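Trainee: Residue numbers (my numbering), protein chains in the order written: chain A, 155 to 464; chain B, 21 to 278.
Mixed in with the good hints there might be a few duds.
Residues of chain A clear of chain B, computed beta-carbon distances all greater than 12 Å [what the hints assert, rightly or not]: (1) P211; (2) F278; (3) G282; (4) V289; (5) A305.
Pulled from the structure, derived: some chain B residues nowhere near chain A, Cβ distances all over 12 Å [what the hints assert, rightly or not]: (6) F47; (7) E69; (8) V75; (9) Y115; (10) H116; (11) A120; (12) D127; (13) G155; (14) V195; (15) R246.
Residues from chain B that face chain A, not an exhaustive set, calculated with beta carbons under 10 Å [unchecked claim]: (16) T72; (17) V224; (18) V226; (19) G243; (20) L276; (21) T277.
To be clear, the hints were calculated from the coordinates, so they are not data collected in a lab. Being a predicted model, the structure only gives us computed values, none of them experimental. Beta carbons: idealized from backbone N, C-alpha and C, even for Gly.
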Amino acid sequence: MCAPPLVQGRALTKRFGTYIAVDQIDFKVERGEAFGFLGPNGAGKTSTMRMIGCVSPVSGGELSVLGMDPALQGPAIRSRLGVVPQEDNLDTELTVWDNMAIYGRYFGLPRSVIRERAQELLDFVQLGDRRQDRVDPLSGGMKRRLTIARALVNQPELLLLDEPTTGLDPQARHLVWERLYQLKLQGVTLVLTTHYMDEAEQLCDRLVIMDRARIVAEGSPRELIQLHSTREVVELRFATAEERRDALPLLNGSGERVEMLPDRILVYTGDGDGTAELVARDGLRPASVLVRRSTLEDVFLILTGRTLED
Amino acid sequence: MAVAPPMLRVLEREAIVFRKLWRGSAFSSFVTPVMFLAAIGLGLGGLVERRTGHVAGVGYLAFVAPGLLAASAMQTAAGSSLWPVMAGTKWIRTYHAVVATPLSAADLYGGTVLWVGVRATAAASAFLAVAVLLGGVPSPWGILAVPAATLGALAFAAPLAAYAATQDTDLTFPVIMRLGIVPLFLFSGTFFPISQLPSWLRPVSVASPLWHAIELCRQATTGTPRWAAATGHTAVLIACVAAGWRWGTRTFARRLTP
């Protein structure tokens, strides 16, 4: 007998008029895992997240969150969720502390409980000494960390994060990732969307890849790479577009698969160094040759023919 | 329309914000109307009384005080139902954070409108106290002008907040103020009885919620209740609030939880 999934969608669909934002997707999120929706902008990730967060009614199919129906028990579900939206929506005129306090009151928490938790949470996101500061002048990374702390004020079982590090500099991103990892260790279930394959690889135990409103693949980052891509990739850059175009026919057969991108050619292969040698022996003179391991970006490219950043 | 506890949590937030930023709004919703009362009620009033004697059976100050009371409640209500709603939905997006909690879009709408009511009550009470001191409130029934002015404020806040949630920019808001609120302020019986207006304009004034609010306030402060008329005025204002409320719960939901 296994525990019921924390979130489950069956043929879940979202329509806005005639536009289909989410098209009959099936997925399950188990308690304690970090689950990702990876895909380019406009793939339907945010619409899916908003349905899970009970702020957007389901247009078709079924959705259960924490074992409840969002259409019937929205407030009860939301009282046990934490939400970190894509665009910050902090009360910028107020202080860090007041943001925490007011949000806690929205959940109906007693003030004494809020006082205790708010300080703990601000310490957790390393904003403990900024509690009396106004929010407006804080950096993007601090605002995002405050949004995360705010989302934790009701001790949620499930934390929804929509593009948690979009717009942050690398250092701020790593700090957010590290804090999210700590939360996962504490048993909080994370559901996040991202269009960064490194974020998905860093954070997600399991993920689905979304493209054009549908799920195109599902699994752990490692499984997805093993199943859909080769072990290694050789990236060839050429000095001019002509050289690149001329090289393409010569590369056929050099690996298991060849993809032409606007700025480079990718050769998918089990043995990167071997393929790189083969390319040199064929007389091609690329400006640069890079051998690397396959990533989720490659999986996405192979499955959809496009890159995530398109 | 019952006041559910979740709605009160929205009020709590507004109160915290107000505690920090009250000076500006206290000025526009209390000090400005009091200046109007002094300048027009006392200054212009002396001139008016010398020429025409009493206006509608009372001194000019007593005539204009309830008018300014209801009219300033309307102006405060309009200003604080338009731009703050745009800030919540678009500019700082705090409303989106609220609906992610157990509160619903309808709770948020209700709390927003009720907060305007709370502020209108406070501003009207302060204004009334000054009007009493200046001798502009002949009757102890005048205390009832506070709920009357509050109801008038809600009659504007409910539909205007509903409307604001349908807009993507605030381009139309100054137009509403200039072509809606200012003419109502001038021609709803604030400074002179609407019987002074050309006959074709009178029906327009009668259709104005502000006229109904002013009539209610004036009956209270001058101690001349006409119960049938008062019931009618109250019914019109309640109808405005109810219609606005119905609309607002929908526009907020459509805007925030599409």
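Trainee: None of the hints should be skipped; say for each whether it holds.
Mentor: How the hints compare with the structure:
Some Cβ of chain B comes within 12 Å of the Cβ of P211/A; the nearest lies about 7 Å off, and the non-interface call is violated. With a closest Cβ-Cβ approach of about 19 Å to chain B, F278/A is found to remain outside the 12 Å limit, as its non-interface label requires. With a closest Cβ-Cβ approach of about 21 Å to chain B, G282/A is found to remain outside the 12 Å limit, as its non-interface label requires. A cut-off of 12 Å between C-beta atoms contradicts the statement that V289/A is not in contact with chain B; the least separation is 10 Å.
Annotated as non-interface, A305/A brings its C-beta within 12 Å of a C-beta of chain B; the closest such distance is 8 Å. No beta-carbon of chain A comes within 12 Å of the beta-carbon of F47/B; the shortest separation is about 18 Å. A cut-off of 12 Å between C-beta atoms confirms that E69/B is not in contact with chain A; the least separation is 47 Å. Here V75/B stays apart from chain A, with its beta-carbon at least about 44 Å from theirs, past the 12 Å limit.
Distance check on Y115/B: its Cβ comes as close as 8 Å (rounded) to a Cβ of chain A, failing to clear the 12 Å threshold; non-interface status is violated. Its beta-carbon lying about 5 Å from the closest one in chain A, H116/B breaks the requirement of being farther than 12 Å from that chain. Its closest Cβ contact with chain A, about 4 Å, brings A120/B to no more than 12 Å, contrary to its assignment away from the interface. Residue-level check failed: D127/B sits 9 Å from the nearest beta carbon of chain A, not beyond 12 Å.
Annotated as non-interface, G155/B keeps its C-beta farther than 12 Å from every C-beta of chain A; the closest such distance is 40 Å. Every beta carbon of chain A lies more than 12 Å from that of V195/B, the smallest distance being close to 26 Å; the non-interface claim holds. With a closest Cβ-Cβ approach of about 45 Å to chain A, R246/B is found to remain outside the 12 Å limit, as its non-interface label requires. Annotation: T72/B was flagged as interfacial toward chain A, and the flag is violated, the nearest CB pair being 49 Å apart, outside 10 Å.
At a threshold of 10 Å, the smallest CB-CB gap from V224/B to chain A is about 39 Å, leaving the interface hint violated. Below 10 Å, beta-carbon pairs count as interface contacts, and V226/B has none with chain A, the closest being about 41 Å; its hint is therefore violated. Interface restraint check for G243/B: the shortest CB-CB distance to chain A comes to about 43 Å, outside 10 Å, so the restraint is violated. For L276/B, the interface hint holds, since its Cβ comes within 10 Å of a Cβ in chain A; the closest pair sits about 7 Å apart.
Annotation: interface hint on T277/B holds; nearest CB of chain A at approximately 5 Å, less than 10 Å.
In the structure shown, a violation is registered for the earlier hints numbered 1, 4, 5, 9, 10, 11, 12, 16, 17, 18 and 19, in ascending order.
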